[in-house]
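Asker: Spelled out from the first residue to the last, the chains are:
Number of protein chains: 2
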Amino acid sequence: MTATWTENEVTLLFIQCLKERDKTTFLSIVDELQPYDLAKQYQFLPKKYQNKFLLFLPIKDLTRVIQELEQENQLEVLKKLGIEKSSKVLDLMENDELASLLTDLEPGQVEELISEMNMEEADMVKNIIHYPSETAGRIMNNRFVWVPRQCTVREAVDKLKKFAELAEYLNYFYVIDEGKKLIGVVSYKDLILADMHDKVEDIMYKRVIKVDALTDQEEVANIMSRYDFVTIPVVEDDDRLVGIVTVDDIIDVVIQEANEDIEKLSASGKAIDFETKPLVAAHRRLPWLIILLGIGLVSGSIIDGFSATLEQVVALAFFMPMIAGMTGNTGTQSLAVVVRGLVSNDLTLKQVLRLVLRELWVGIIIGVTCGLFISVIAFIWQGSMTLGIVVGTSLFITLIIGTLAGTIIPLILYKFDVDPAVASGPLITTINDIFSLLIYFGIATAFISRL
Amino acid sequence: MTATWTENEVTLLFIQCLKERDKTTFLSIVDELQPYDLAKQYQFLPKKYQNKFLLFLPIKDLTRVIQELEQENQLEVLKKLGIEKSSKVLDLMENDELASLLTDLEPGQVEELISEMNMEEADMVKNIIHYPSETAGRIMNNRFVWVPRQCTVREAVDKLKKFAELAEYLNYFYVIDEGKKLIGVVSYKDLILADMHDKVEDIMYKRVIKVDALTDQEEVANIMSRYDFVTIPVVEDDDRLVGIVTVDDIIDVVIQEANEDIEKLSASGKAIDFETKPLVAAHRRLPWLIILLGIGLVSGSIIDGFSATLEQVVALAFFMPMIAGMTGNTGTQSLAVVVRGLVSNDLTLKQVLRLVLRELWVGIIIGVTCGLFISVIAFIWQGSMTLGIVVGTSLFITLIIGTLAGTIIPLILYKFDVDPAVASGPLITTINDIFSLLIYFGIATAFISRL
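Chains A and B, in that order, give the protein sequences.
Residues 1 to 451 in UniProt numbering are what the first sequence spells out, letter by letter.
Residues 1 to 451 in UniProt numbering are what the second sequence spells out, letter by letter.
Chain A on its own, in the form it takes in the complex (with noise of 0.2 Å):
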């Protein structure tokens, strides 16, 4: 009915609904949208709607809207609902979207919010804040099938379907032996072309690719990418399934992470998005900007140092810009490449010595081209042979040096296990800054008779 409706139209029908009690009209509606879809309508609801359309509908569909909401407008919602209704939605949540939802709550908050919850799921929740951000234990759920080694395929159907409602992907589920241990996953596919009396054992995948339960996301996602898996399950220690992990916040992570990636490259600071107040993104990225006007500062006292040279050939000021600049830049640029290589690749010695190598040879390519370009710019310009040699030669050698220490840098800092992107952008930028005046300088200086 509201196949082909806009956004608009449906909002208009719900307030019409809303109007007149029409709660048939209103359900048939709900039926109809996805969660985001019927999220965006609650927000798109006149506020004096909002609280009708929240006791309408039913608490399956309450939940699926709690979950696409920002986690303020979710204790929001959940306040609204009152103690009785809000812990029927909690217990419905996905686990991990409500250990999402806890992050960051007092411990007083987080225990009034799941004190009226079903214990079962209470404990898990819990169980999984405690797990270190950034893991796979913080983003698995408990929305999975699973079934002991020596049920029938008959049987592990028949688990299916009556889980079919709760469980989020249908795609695998996993055979576990007494102690709870992983031992196997049945695809869907497999069992729907087994033979029913077949045992689940006899059918079931052995070499079951899982994750550690604190194992890094960014490694998870990458092992989800790699096989192509809709779910993946992890398990603790000894090999007892906990939860799985599903590619839909398997996406989120990517995201996440090269964003965080971005943010650092940029030293941006932490989480700024176009939500965020003027004093709070202010607040996050003043830090990085203070470190590097103290940086900056060096840079200052080592002009100063040569000051002596610069009043003499005020010239050479022209090009302090432009080389600074260009290693800068160059030193950017070899970062962004092993930042990015480093999230989908691990690294051996080999690796690394034929990385640096290549980035030797990229700086020399560079510097060689863009060196002769400028010495022969400088002497136009300026009409002196020496001038252009200075530019040109410091040019070559700070392009050298850029290219490399924005390469080593951020191997040496992920081989501490540092994350390499703290090596953010700036930081390699200001380095680099330092070195080519140093560089620059030290070259003029040296030719100051001939200037």
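Hint data in this document are derived by calculation from the structure and do not stem from the laboratory.
Since this is a predicted model, take the numbers as computed values, not measurements.
Where is the CB? At the ideal position from N, CA and C, for every residue including glycine.
Relax, there's no trap hidden among the hints.
No farther apart than 30 Å at their CA atoms in a straight line, the calculated lysine-lysine pairs in the BS3-like style are these:
{"no.": "1", "chain 1": "A", "residue 1": "K162", "chain 2": "B", "residue 2": "K199"}
{"no.": "2", "chain 1": "A", "residue 1": "K189", "chain 2": "B", "residue 2": "K162"}
{"no.": "3", "chain 1": "A", "residue 1": "K189", "chain 2": "B", "residue 2": "K161"}
{"no.": "4", "chain 1": "B", "residue 1": "K189", "chain 2": "A", "residue 2": "K23"}
{"no.": "5", "chain 1": "B", "residue 1": "K350", "chain 2": "A", "residue 2": "K277"}
{"no.": "6", "chain 1": "B", "residue 1": "K19", "chain 2": "B", "residue 2": "K48"}
{"no.": "7", "chain 1": "A", "residue 1": "K161", "chain 2": "B", "residue 2": "K162"}
{"no.": "8", "chain 1": "B", "residue 1": "K60", "chain 2": "A", "residue 2": "K206"}
{"no.": "9", "chain 1": "B", "residue 1": "K52", "chain 2": "A", "residue 2": "K350"}
{"no.": "10", "chain 1": "A", "residue 1": "K40", "chain 2": "B", "residue 2": "K206"}
{"no.": "11", "chain 1": "A", "residue 1": "K162", "chain 2": "B", "residue 2": "K161"}
{"no.": "12", "chain 1": "B", "residue 1": "K52", "chain 2": "B", "residue 2": "K88"}
{"no.": "13", "chain 1": "B", "residue 1": "K60", "chain 2": "B", "residue 2": "K161"}
{"no.": "14", "chain 1": "A", "residue 1": "K159", "chain 2": "B", "residue 2": "K199"}
{"no.": "15", "chain 1": "A", "residue 1": "K52", "chain 2": "B", "residue 2": "K206"}
{"no.": "16", "chain 1": "B", "residue 1": "K19", "chain 2": "A", "residue 2": "K206"}
{"no.": "17", "chain 1": "B", "residue 1": "K48", "chain 2": "A", "residue 2": "K350"}
{"no.": "18", "chain 1": "A", "residue 1": "K199", "chain 2": "B", "residue 2": "K159"}
{"no.": "19", "chain 1": "A", "residue 1": "K161", "chain 2": "B", "residue 2": "K159"}
{"no.": "20", "chain 1": "B", "residue 1": "K210", "chain 2": "A", "residue 2": "K23"}
{"no.": "21", "chain 1": "A", "residue 1": "K210", "chain 2": "A", "residue 2": "K189"}
With the Cβ distance kept under 7 Å, some of the chain B side facing chain A (calculated, not the full set):
{"no.": "22", "residue": "Y36"}
{"no.": "23", "residue": "L170"}
{"no.": "24", "residue": "K189"}
{"no.": "25", "residue": "A281"}
{"no.": "26", "residue": "I303"}
{"no.": "27", "residue": "D304"}
{"no.": "28", "residue": "E311"}
{"no.": "29", "residue": "P321"}
{"no.": "30", "residue": "G325"}
{"no.": "31", "residue": "N329"}
{"no.": "32", "residue": "A336"}
{"no.": "33", "residue": "G341"}
{"no.": "34", "residue": "V362"}
{"no.": "35", "residue": "I366"}
Please build the complex by placing chain B on the supplied structure of chain A, with the hints as guidance.
Answerer: For chain B alone, kept in the frame of chain A given last:
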């Protein structure tokens, strides 16, 4: 059997089987390995066993291995197989994988490869490679299950069973009318829960979320991550169902798009990874560097224009790198926020205004803080109150302008449908260099009599 074996142990076992021509054991190991691992094993093997390995593999597993390889290796293996076997492999390959294999090949090579293929498959692939790159049409495949509207649930289940081997994901199947028009979708869950005699038409979900074949792949990724789908149907103008995009490809898209953003933000040029040869990498990076070199010379000529001022007060040079650097850094920060924000937000005019206003405030807060800070330092360092005021005021103004430039330039580009990440960090940095030098020396020249 091989459940707990390490990769090396599996390789050794493979070598043994190949030596002893023990195909039975060989196939039982193959059966336990994921395609990715099987392809890795193939690449681990000493050259002399690789051909025998390919000979031993059944076509189905051969296809899986080939799909995991890089284009270069894919072509090599296909050549080794000979026309007959390779055409069978191509028939079995997922169309999107095949399409990406054929990308960048000469038309002659394409014809040669697909000449022996099954007509229908070949047409499908030819169709896919006609879509512009980075669109839904280009990454879709035809491994989906569809049923006509009059079908019953039992018939649908039967069809599903028949296609279980072929279809990548069985999470949903699509309902079409007489004209192949997509009119509904049924999830596997709903099918399990439905009565066998129900008509598919009655249990299907009519408000189908779908994408046009020409939709940008980034938009497709957004929609899929919003709705947590595992597959999404792709239609042409007339709603005719032409394929599906699967979640595994979407993860690749998300990673690729993030890499592209980072490449552009760092002006590192197209696609440089750990394997790229030095000459190629240098060639890809040089164009940007040359452009930036040119713009750097503009900065130089600005300083040249103010050389009278600079000659009188050489101390002005000390703060030059810091002011230019800080303006560049704050611009990059704003740019990163905008570029990544645009990945998941659609922009309304209201939101643009809010964002620009927010960044203006951020610029003012950052400007006041850093400006005051540097005034004091400049005064203490150089003992000149006027110099302190000149440096502080300049930094205040340039930080505001830098922040706004980093926000507004990518937004304008976005408005004109240019990818905002093209306004790469280095470009913004270089533009901000020019602004900051003009302002700094402009203010200094105005106060020159007091300096």
